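Engineer: As given, the protein sequences belong to chains A and B, one line each in that order. Each residue of the first sequence is one higher than the one before, starting from 260 at the first, in my numbering. Each residue of the second sequence is one higher than the one before, starting from 196 at the first, in my numbering.
Rather than coming from a laboratory, the hints here were simulated on the basis of the structure. Predicted model only: the values in this text are computed from it and were never measured. Treat the hints with care, since some could be wrong.
[Unchecked claim] Taking CB as the label site, the calculated pair distances span:
id, chain 1, residue 1, chain 2, residue 2, range
1, A, Lys276, B, Ala212, 45 to 51 Å
2, A, Pro320, B, Tyr234, 35 to 41 Å
3, B, Gln240, A, Ser312, 25 to 31 Å
4, A, Ser321, B, Gly291, 21 to 27 Å
5, B, Ser221, A, Ala356, 36 to 42 Å
6, B, Gly261, A, Asp277, 45 to 51 Å
7, A, Ala356, B, Gln240, 17 to 23 Å
8, B, Gly253, A, Thr337, 40 to 46 Å
9, A, Glu279, B, Ser235, 23 to 29 Å
Heads up, the beta-carbon is just placed ideally off N, CA and C, and yes, glycines get one too.
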Amino acid sequence: GAGVSQSPSNKVTEKGKDVELRCDPISGHTALYWYRQSLGQGLEFLIYFQGNSAPDKSGLPSDRFSAERTGGSVSTLTIQRTQQEDSAVYLCASSLADRPNYGYTFGSGTRLTVV
Amino acid sequence: AQRVTQPEKLLSVFKGAPVELKCNYSYSGSPELFWYVQYSRQRLQLLLRHISRESIKGFTADLNKGETSFHLKKPFAQEEDSAMYYCALTYLMDTGRRALTFGSGTRLQVQP
């Protein structure tokens, strides 16, 4: 597609439920990143995929968070047993190569609300 | 460890006034710095990169290694500049890959 597509745009879930957030990067972008944007907290790095290499999961806040990227394209971020502190906007970005100075293209995000 | 600090959560100026959004960083390696902008109801997007030495929408930013700063400046603010601005730094992760770390952001309000 023309840009990075994320779905759903909004998700309200009950505490304790699992959620899946989807990211469809720009075609041909080998690098894909997930960030979390919380009010007053800026952007928090979560996980990074580059090509077929093992992902860098160093930013995931707990083992309730996981992500996968199938076929080097679409990525899914899964949050198990959601907690209220998981409420945030989850942003996906992709870039042409493993060099952030090429510029990231961000999706419009998924706003997750845990009630 | 790498860190980007944006000391102001909110900066409010009048139209036509000069603007300076502050950004300080700490990083032991060679820094690559960026400014990203998010307008209301729009996606986060790259505004400018220090390596390009460019002026975008009248904004400039100069990397000052002595002061470890990368402040964003514009001589005459416009109402359409109202947005959230994030300063970002690339750093080398333990995996040998590079990633971006962001500051907490500054909301710029330009009043008429």
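Engineer: Now look at each hint and say whether the structure bears it out.
Structural biologist: Hints versus structure:
no., hint, result
1, A:Lys276 to B:Ala212: 45 to 51 Å, "holds, 48 Å"
2, A:Pro320 to B:Tyr234: 35 to 41 Å, "violated, 28 Å"
3, B:Gln240 to A:Ser312: 25 to 31 Å, "holds, 27 Å"
4, A:Ser321 to B:Gly291: 21 to 27 Å, "holds, 25 Å"
5, B:Ser221 to A:Ala356: 36 to 42 Å, "violated, 26 Å"
6, B:Gly261 to A:Asp277: 45 to 51 Å, "holds, 50 Å"
7, A:Ala356 to B:Gln240: 17 to 23 Å, "holds, 19 Å"
8, B:Gly253 to A:Thr337: 40 to 46 Å, "holds, 43 Å"
9, A:Glu279 to B:Ser235: 23 to 29 Å, "holds, 28 Å"
Going through the hint list in order, the structure does not satisfy hints 2, 5.
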